[in-house]
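Use the sequences and the hints to build the structure in full.
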Amino acid sequence: MDPILIAEAAINGILLGGVLALLALGLNLIFGVVDIIWIAYVELVMLGMYAVYWLVTAYGWPLPLAALGSVALVTVLGLLVHLLIIAPILSSPPVNQLLATGGLLFFLQSFATFLWATDHRSLRLALPILEVFGMFLSFARLLAFAMSILAMLGLYLFLTRTYMGTAIRAVSQDREAMALMGADTRKVYLVTSGIGGAMAGLAGALLIIQYSVHPHFGAAFGPLTFMICVLGGLGNMIGAVVASLLMSEVISVGGIITSTEMAYVVAFVIFIVAIFVRPEGILGRRE
Amino acid sequence: MLEVNAVTAGYGEFTALWDVTLTVNAGEAVAVVGPNGAGKTTLMRVISGLVPIRTGDLRLDGRSFAGRRAHEIVAHGIAHVPEGRRIFPRLTVEENLKMGGFLPASRRHYAESVGSIFELFPVLAERRRQRAGTLSGGEQQMLAIGRALMSKPKLILLDEPSLGLAPVMVLRLFELIRRVRQEGYTILIVEQNVRQVLSLVDRAYLLEVGRIKVEGRAADLAEQDFVRKAYVGI
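First to last, the sequence lines map onto chains P and D.
Each residue of the first sequence is one higher than the last, beginning at -2 in this note's numbering.
Each residue of the second sequence is one higher than the last, beginning at 3 in this note's numbering.
Treat the hints as calculated values from the structure; they're not laboratory data.
Built from N, CA and C at the ideal position, the CB exists for glycine as well.
Some hints here could point you the wrong way.
Below, a sample of chain D positions facing chain P; criterion: calculated Cβ distance under 8 Å [said to hold, decoys possible]: (1) 52; (2) 53; (3) 72; (4) 76; (5) 77; (6) 91; (7) 92; (8) 97; (9) 101; (10) 102; (11) 109; (12) 153; (13) 154; (14) 186; (15) 187; (16) 188.
Following this line, the structure appears as structure tokens:
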């Protein structure tokens, strides 16, 4: 095996890990604060991808503007998911909440199929391929990685430097105590869901420049995202980033050495073994 | 300042408080004592809005706040230091205090408030960048009290502040609560350490199975067999 190819795959793994980390952080943030897993999270990403696709191809928007459009649209969807689906069942048993967001998943999949059929749609961007030390790196992936890092940095600063961000972390530790501090927990939930939506919208924009979109896009990335969240420790932000990089390296490097299918098998085996050894995730539950 | 008027409250089918009436005047320190399960913590949670009332009324400075939610009641000027401290363990000491001053009106005085709390509890200043979960029990209680003071409340509710603390720490804590009093705060305190709390407060109520049984001046009550009653509940 050519070491250059493996190095290239390793770098591609890191680049993929950035976007996966963005997804895992969004999902983890909502879980940590609202205590609900949005099974349909990657379906929101899929809608963001379609948003960029149609804004660019049908309406002729420039890509950056379409990306902002996707962020805005999915932020609103995130707020709606919370207000219409989560808020009414906040005190129901967890399994009902899981079923409700699972129902949303099938609804969104079917809705997308109904509107846009099962065609795989791609932006067909002519983005350059960079050659570095004999490795070929896609500019789209580098861009997606850089944007993911920036978004995560922004999230970090928000969660540590602002009153609302600190309150979001506080609510994830003790929601009743935070109500005693004067924070309306309903508002904190809504803000968290909006941020989760915004991150899904951004991820959608970053994925559509690399992959084609279809109504079942979530079937590929959804399970991977949940696996990463569980592996890193549900609600644990740093764990999510570590697990993202680990999984994307296994998939990317493993894919080069064997085949993509085999790499996924290996990734899931690692996941299963890790969960047996450390059921609370690599870095434990929550930071 | 605080009037609890004929309040009945509970959880689901269970009634924890029956027709409870209690007042706290401005500048006063008042204790609620009684055996375990008497409803003391429920009373505190009712006042801070965590448990809704069924009948009766709650007033602060003559204005009713019955039916308000917890976060609105803080803005009215009542800060609740809950049982078990309930600090945010994975936030730093400073972040905990920042959350105590979460209300927009408190944010403007942040630096000044933090300064006065560090003066009152110097150990918190030393540990400001430490995660609150790494503090000792006594330090955590100081943090919980300091956090409540960040909103500059008119009334501060202290629920079992000495719970789980070593005897030496309990004495120090009471000394600190005495100093909080001297700062001019009005206090309503629930305590198991009946003797010590009676030396701290002006008046006290004895709560038994959800009803106020005895009420009086702390000095008078300390002389009666009230202390014994509070402990054993007969």
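Practice problem: State the violated hints by number, sorted upward, taking the hints as numbered earlier in the document. | Solution: 2, 13, 14, 15, 16
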